[in-house]
Amino acid sequence: MAMDLKEIETLIKEALPDAKVEIQDLAGDGNHYSATVTSSEFSGKSKIEQHKIVYNSLKGKMGNELHALAIKTKE
Amino acid sequence: MDQETKILIQKTIDDNEVCLFMKGTPDAPQCGFSMAVSNMLKILEVDYKGINVLENQQLREGIKKFSDWPTIPQLYIKKEFVGGCDIIKEMYENGELKKILQDKAVSFKS
Chain A
1 MAMDLKEIET
11 LIKEALPDAK
21 VEIQDLAGDG
31 NHYSATVTSS
41 EFSGKSKIEQ
51 HKIVYNSLKG
61 KMGNELHALA
71 IKTKE
Chain B
1001 MDQETKILIQ
1011 KTIDDNEVCL
1021 FMKGTPDAPQ
1031 CGFSMAVSNM
1041 LKILEVDYKG
1051 INVLENQQLR
1061 EGIKKFSDWP
1071 TIPQLYIKKE
1081 FVGGCDIIKE
1091 MYENGELKKI
1101 LQDKAVSFKS
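Line by line, the protein sequences are chains A and B.
Counting with this note's numbering, you get residues 1 to 75 for the letters of the first sequence.
Counting with this note's numbering, you get residues 1001 to 1110 for the letters of the second sequence.
The hints are simulated quantities; they were obtained by calculation from the structure and are not laboratory data.
Hints are supplied without guarantee of correctness; some may be wrong.
Lysine-lysine pairs mimicking BS3-like chemistry, simulated, CA-CA at most 27 angstroms apart [said to hold, decoys possible]:
1. K1079/B / K13/A
2. K59/A / K1049/B
3. K13/A / K1006/B
4. K59/A / K1098/B
5. K20/A / K1099/B
6. K1078/B / K6/A
7. K74/A / K1049/B
8. K1078/B / K47/A
9. K1011/B / K72/A
10. K59/A / K1099/B
11. K1099/B / K61/A
12. K1078/B / K59/A
13. K13/A / K1064/B
14. K47/A / K1065/B
15. K61/A / K1078/B
16. K1079/B / K1099/B
17. K1064/B / K61/A
18. K1109/B / K52/A
19. K72/A / K1089/B
Per the computed footprint, the stretches of chain A lying under chain B, defined by three or more beta-carbons under 8 angstroms from a beta-carbon of chain B, are [to be verified]:
20. 5-17
21. 59-73
Quick caveat, the model's predicted, so the values are computed rather than measured.
By construction, the Cβ of each residue, glycine as well, lies at the ideal position given by its N, Cα and C atoms.
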């Protein structure tokens, strides 16, 4: 199973409306992505909390439809 | 998650200063992300326990619920969940990983 790049971006932006999202398809297989997410919502939160916000925005798809998403968060 | 798995995870974390729940073993990682974290710990000469979640399906799913974290690997230092591959990599690069090892009095090569 694979996920479309645009779909990932849409889900993240639904959860974090002010987010700047940059996604790369690392292997070109629709399965290995990296995302850099910049949002004011991350301010004052630990890295674990920041990454959880991104994981939660993907509504359980992480680890299922989406095999690998490297995440980098910035405030 | 069944009670047995929960107890197994808790005991593993309690009994080992540093534990890495990973796919494969430290000597033979079976996923690039697990290998990356494993290698960082090796470079820092941290004495860690690698737990192969591929050997136990209950554990593989259970650890995700236990940590409320959807991916593997997962690193625990002195009973505290520190992060997955991306976070550990970032902490390794910016020196925070050494700092947390130092703060928690875990021996490593500085």
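Worksheet item: Are there hints from earlier that the structure breaks, and if so, what are their numbers?
Response: Structure breaks hints 1, 2, 3, 4, 5, 6, 7, 9, 10, 11, 12, 15, 18, 20.
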